[in-house]
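Each chain, letter by letter, is given below.
There are 2 protein chains.
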Amino acid sequence: MPKQLPVIETSSLCCSPLMRQPLTEDQSADLAHVFKALGDPVRLRLLSLIASHAGGEACVCDLTDAFDLTGPTISHHLKVLREAGIVDGERRGTWVYYRVQPAVLQKLSGVLMTPDQAEPVTA
Amino acid sequence: MPKQLPVIETSSLCCSPLMRQPLTEDQSADLAHVFKALGDPVRLRLLSLIASHAGGEACVCDLTDAFDLTGPTISHHLKVLREAGIVDGERRGTWVYYRVQPAVLQKLSGVLMTPDQAEPVTA
DNA sequence: ACTCTAGATAGAGAGCTGTCAAGATAGATA
DNA sequence: TATCTATCTTGACAGCTCTCTATCTAGAGT
Numbered sequence: 001m002p003k004q005l006p007v008i009e010t011s012s013l014c015c016s017p018l019m020r021q022p023l024t025e026d027q028s029a030d031l032a033h034v035f036k037a038l039g040d041p042v043r044l045r046l047l048s049l050i051a052s053h054a055g056g057e058a059c060v061c062d063l064t065d066a067f068d069l070t071g072p073t074i075s076h077h078l079k080v081l082r083e084a085g086i087v088d089g090e091r092r093g094t095w096v097y098y099r100v101q102p103a104v105l106q107k108l109s110g111v112l113m114t115p116d117q118a119e120p121v122t123a
Numbered sequence: 001m002p003k004q005l006p007v008i009e010t011s012s013l014c015c016s017p018l019m020r021q022p023l024t025e026d027q028s029a030d031l032a033h034v035f036k037a038l039g040d041p042v043r044l045r046l047l048s049l050i051a052s053h054a055g056g057e058a059c060v061c062d063l064t065d066a067f068d069l070t071g072p073t074i075s076h077h078l079k080v081l082r083e084a085g086i087v088d089g090e091r092r093g094t095w096v097y098y099r100v101q102p103a104v105l106q107k108l109s110g111v112l113m114t115p116d117q118a119e120p121v122t123a
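From first to last, the protein sequence lines are chains A and B. For the first sequence, the residue numbers in my numbering are 1 to 123. For the second sequence, the residue numbers in my numbering are 1 to 123.
Since the hints were made in silico from the structure, they are not lab data. Any given hint could be a false lead.
Copies of the same chain look alike in the list, so a pair counts if it fits in one copy or across any two.
Unchecked claim - Result set (SDA-like, lysine to any residue): computed pairs, CA atoms no more than 25 Å apart in a straight line: (1) Lys107 <-> Asp68; (2) Lys79 <-> Leu69; (3) Lys79 <-> Asp65; (4) Lys107 <-> Thr70; (5) Lys79 <-> Arg20; (6) Lys36 <-> Gln101; (7) Lys36 <-> Gly93; (8) Lys36 <-> Gly85.
Produce the complete structure using the sequences and hints provided.
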């Protein structure tokens, strides 16, 4: 049985979605920070390129080639994603590799779930 | 049996999450538009106030009272949410009532799901 | 028609964001 | 140490966003 179920931290926001009770100011500020990082087409494509890349990680050189943008601009967008906790970068030798932090995306996905969607998960 | 299951359009982006293949430029532009609308703490609180309000809808007067902001500013944020397709407003007499459009949030939730999360839903 | 209230629109100003060019830094190799 | 390459940082600028005040519109009640 190689299949391994993920251990998800569901305590904070997952399964108490946006839809069930009003957010506090702190909660909305934290969430808005992450959603804002996703609110740019270049960053969304970067994220999907990283996530879908072989091995779950991608080197900055691969990413830069996929856009008509300069290196510094890509670097800036990666920094925004990093500071939102969505991706994580690691230098190995000459290259820097980025990978997705799935827990943050799982949390967001849970926040947006309607109660109907959430039911089979919480059961 | 008053409970009515939502009919969800899963064809477009749900169950082919961000994580599985790179987004096209069009997909990322559309998605970024919606995420950008969620990327502001005031709008997130507005959304959760609307969604969690009794009857699933809230009058603008209720919403304005919950913030230290002027009416026009609230109106502006509601317009952003409306133009992203996240909420919908309807005038009934003197008041305007807003309600959430759950399909859009379900789509976003699906996009952010990791393959592990998506499995029980796609099965 | 007049007035009152709820909400939207228009316009302006301060601050933030996306982009680039130029320069800095880290590691590999000689 | 010198040099080369990959990536990041800095500084600058145009355009966008959030907020306000002032004005407008839609509907209710007189």
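Quick rundown of the hints versus the structure:
| no. | hint | result |
| --- | --- | --- |
| 1 | Lys107 <-> Asp68 | neither (32 Å within a copy, 29 Å between copies) |
| 2 | Lys79 <-> Leu69 | within (15 Å within a copy, 32 Å between copies) |
| 3 | Lys79 <-> Asp65 | within (18 Å within a copy, 37 Å between copies) |
| 4 | Lys107 <-> Thr70 | neither (32 Å within a copy, 32 Å between copies) |
| 5 | Lys79 <-> Arg20 | between (33 Å within a copy, 22 Å between copies) |
| 6 | Lys36 <-> Gln101 | both (17 Å within a copy, 20 Å between copies) |
| 7 | Lys36 <-> Gly93 | neither (32 Å within a copy, 35 Å between copies) |
| 8 | Lys36 <-> Gly85 | both (12 Å within a copy, 17 Å between copies) |
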